[in-house]
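Engineer: Each chain, letter by letter, is given below.
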Amino acid sequence: MRSRLLPAPLTGATLLIGLASCGRPTPRKAADARDRAASTAASAVMVAAAWDSGAAPGIYASHATGEMSASLWKADSAPVWSALPDSTAAAIHASLRVLGTRAAKLDSAIDQEDRPGATRLRTSLEQRGRELSAIPIDTTP
Amino acid sequence: MRDMLLVRDVLDKQLVDRRGERAGKVDGVVLIFSPDGPPRVGYLEVGAVTLARRLGRRLGSWASRLAHRWGGAHTESYRIPWNLVRAITLEVSVDVDVEETRINVIEDWLRVHVVEHLPGGRE
Amino acid sequence: MSRLIEIALGIVTGIGGFLEAGSLATAAQAGAGFRFELIWAVILGATCLAFLVEMCGRLSAISKHTVPDALRERFGFRFFMVPLVVMQLVMLMVLATELGGVALALQMISGVSYRWWSVPVGLLSWALLWKGTFGLIEKGVSVLGLVTLAFVVGALHLHPPFGEVARGALPRLPAHDGAQYWFLAVSILGASISPYLFFFYSAGAVEDRWDVSHLAINRITAGAGMGFGGIVAVGALVLAGMVFHPAGIKVDSYQQLPLLLTSALGHWGFVLFVASLGIACFGAAQEIAVTSAYLMAQGFGWRWSENLPPAEDARFSLSYTAMTAVACLPVLAGVDVLKLTNISMVVSAASLPVVVLPLLVIMNDRRYLRDYCNGWVANTAVTAIVLLAGVLAVVSFPLLIAGGG
Chain G
1 MRSRLLPAPL
11 TGATLLIGLA
21 SCGRPTPRKA
31 ADARDRAAST
41 AASAVMVAAA
51 WDSGAAPGIY
61 ASHATGEMSA
71 SLWKADSAPV
81 WSALPDSTAA
91 AIHASLRVLG
101 TRAAKLDSAI
111 DQEDRPGATR
121 LRTSLEQRGR
131 ELSAIPIDTT
141 P
Chain Y
1 MRDMLLVRDV
11 LDKQLVDRRG
21 ERAGKVDGVV
31 LIFSPDGPPR
41 VGYLEVGAVT
51 LARRLGRRLG
61 SWASRLAHRW
71 GGAHTESYRI
81 PWNLVRAITL
91 EVSVDVDVEE
101 TRINVIEDWL
111 RVHVVEHLPG
121 GRE
Chain F
1 MSRLIEIALG
11 IVTGIGGFLE
21 AGSLATAAQA
31 GAGFRFELIW
41 AVILGATCLA
51 FLVEMCGRLS
61 AISKHTVPDA
71 LRERFGFRFF
81 MVPLVVMQLV
91 MLMVLATELG
101 GVALALQMIS
111 GVSYRWWSVP
121 VGLLSWALLW
131 KGTFGLIEKG
141 VSVLGLVTLA
151 FVVGALHLHP
161 PFGEVARGAL
171 PRLPAHDGAQ
181 YWFLAVSILG
191 ASISPYLFFF
201 YSAGAVEDRW
211 DVSHLAINRI
221 TAGAGMGFGG
231 IVAVGALVLA
241 GMVFHPAGIK
251 VDSYQQLPLL
261 LTSALGHWGF
271 VLFVASLGIA
281 CFGAAQEIAV
291 TSAYLMAQGF
301 GWRWSENLPP
311 AEDARFSLSY
321 TAMTAVACLP
331 VLAGVDVLKL
341 TNISMVVSAA
351 SLPVVVLPLL
361 VIMNDRRYLR
371 DYCNGWVANT
381 AVTAIVLLAG
391 VLAVVSFPLL
401 IAGGG
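Protein chains in written order, with the numbering used here: chain G, 1 to 141; chain Y, 1 to 123; chain F, 1 to 405.
Be careful, since some hints might not be right.
Simulated crosslink set (BS3-like; lysine-lysine; CA at most 27 angstroms straight-line) [as the list claims (entries may be wrong)]: (1) G:K74 with G:K105; (2) G:K105 with F:K250; (3) G:K74 with F:K250; (4) G:K29 with F:K250; (5) F:K339 with G:K29; (6) F:K250 with F:K139; (7) F:K131 with F:K250; (8) F:K139 with G:K74; (9) F:K64 with F:K131; (10) G:K29 with G:K74.
FYI, nobody ran anything at the bench for these hints, they're computed from the structure.
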């Protein structure tokens with residue numbers, strides 16, 4: 001009997017996973033995505049700071065910021081922003097593009113051991129990241 | 001003289017040969033029906049074909065066909081006569097030497113054809 | 001070896017072997033998302049693990065049979081197929097994440113993509129199992145795993161507010177993000193209470209030829225070893241709570257994790273992190289691969305022992321060989337290791353009832369345990385764990401969808 005009880009929840013769960021992954025964009029999901037992008041930007045800032053203080057080696061810091069830049073670019077092309085009003089979506093797209101570019105430049109700066117350049121980019125990323133978090137998204141249904 | 005329940009105490013128990021080596025688990029118990037006298041326990045069966053049959057008739061016949069294709073001379077599970085059983089505790093001790101049976105035929109084949117070809121396999 | 005040394009080694013093994021990819025990743029995500037609010041989940045997981053491991057050790061010491069042995073012998077082959085198939089699938093997923101963890105550690109210091117490291121890491125893991133003995137796996141890597149104490153040292157270095165940390169040890173309802181909170185709670189429990197750990201521990205008791213005289217060591221190793229091991233995971237969680245949470249950083253990649261220790265310990269922090277991640281995951285990979293072979297060999301009655309050369313237990317040895325080879329593939333293909341970790345922790349949590357419910361029955365079977373059957377304390381504990389496991393099995397997949405990733 002036990003062996004028959006187990007497969008049922010698993011099959012049901014597989015269906016649920018399938019359905020959920022084709023979820024429609026909602027303002028709630030957009031807010032989560034915005035927060036995750038801001039978190040990625042803040043992580044890149046922290047990685048660069050660790051590199052600057054000598055705690056993290058360039059190999060790691062460069063790779064990590066590169067990945068974070070790719071993640072920000074990916075967020076820019078995500079369909080989730082379609083749930084928002086045009087002006088908000090435009091602001092977010094602009095912000096993500098800038099963040100993605102800055103993070104990529106940060107990656108190069110670390111690669112080339114350009115400390116002043118990296119510090120400038122880091123400060124800019126931190127500020128733009130905070131601006132992204134501050135873009136208001138109305139999640140009330 | 002204590003009672004013994006075949007399924008509870010014999011089936012699926014670890015088989016141990018006369019040297020104390022593991023010789024598989026009891027995959028099946030075979031009863032013998034004869035016209036004169038009540039059914040009695042005839043053999044213990046060890047083998048993948050027996051296991052497959054316990055999971056389902058179709059699986060069993062498929063395993064049997066595979067065994068025919070690959071098994072050469074031996075296509076059925078190995079049978080240990082009941083009268084070779086020496087003790088039944090948490091394990092079933094039998095008076096055979098596993099090396100002299102074909103219980104470990106797959107083990108031996110894998111050792112010769114795979115393990116010994118891998119680095120460090122010949123020890 | 002004197003008993004005192006055995007006890008010390010047992011505790012060290014428990015502490016050094018506790019942290020691995022799953023417990024690290026879930027602790028870091030929990031700390032980043034909810035500061036100290038989920039410490040209770042780590043403590044609950046470690047406590048349940050301690051009880052279950054003690055039982056499995058006692059079973060093997062008294063009966064000289066392992067948990068997989070007993071699962072088939074007591075419940076029959078048809079029943080045994082369920083834990084066999086379920087556990088092999090879970091172990092395959094978790095093994096892939098551990099190999100991924102080692103590969104990521106190597107990527108961090110070399111710049112070479114983790115995908116390229118998957119096969120070399122798999123080969124090394126296989127080679128150590130092939131040529132090594134049980135003692136090497138059990139003690140060798142676990143003692144090296146003590147490097148993970150760096151998380152405790154790092155956490156203390158940041159002077160966490162002990163009042164708040166202590167309050168986190170008490171279970172409470174989430175103030176926000178309920179789905180994500182419970183998803184992480186389930187993942188943490190899935191990471192701590194891993195069935196492969198009981199199978200490994202029980203096989204180890206037979207490999208080390210434990211008997212009645214080892215019951216005290218068993219209890220201390222299980223209690224102190226797993227208990228203190230939990231403190232390492234709490235350390236990682238507290239670090240994440242102090243480093244990531246204030247900055248609004250959510251953990252969505254292993255790449256962020258070195259920051260936990262660099263923030264606390266500077267350059268040494270980076271070295272210690274990479275060493276911790278690499279060693280902890282490598283040790284876990286060894287354990288899981290050999291446990292998958294134990295499960296096969298013990299279920300089918302084959303000859304098995306890590307102390308035997310592979311030529312003498314070919315099916316057992318080739319089992320972990322095949323398992324390691326297959327587990328390299330997802331990492332080679334470039335799977336997102338953190339996503340795989342989250343999924344496998346939840347699947348592991350959901351699979352618990354399949355193992356703990358039979359264990360409850362076995363631990364009260366006089367044919368196995370003679371006079372050492374569970375007392376009322378142990379039975380209460382395992383019954384509570386069975387109920388918890390039931391809840392986890394029901395909620396884990398919905399939570400994975402609602403709160404995960």
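Engineer: It remains to establish, for every hint, whether it holds in the given structure.
Structural biologist: Hint-by-hint comparison with the structure:
1. G:K74 with G:K105: Status holds; Cα separation ~16 angstroms.
2. G:K105 with F:K250: This hinted pair holds, its Cα atoms lying about 23 angstroms apart.
3. G:K74 with F:K250: holds, 17 angstroms
4. G:K29 with F:K250: holds, 15 angstroms
5. F:K339 with G:K29: holds, 18 angstroms
6. F:K250 with F:K139: violated, 35 angstroms
7. F:K131 with F:K250: The given pair, whose Cα atoms are some 42 angstroms apart, is violated under the 27 angstroms limit.
8. F:K139 with G:K74: violated, 44 angstroms
9. F:K64 with F:K131: holds, 25 angstroms
10. G:K29 with G:K74: holds, 15 angstroms
In terms of the numbered hints stated before, the structure departs from hints 6, 7, 8, listed from lowest to highest.
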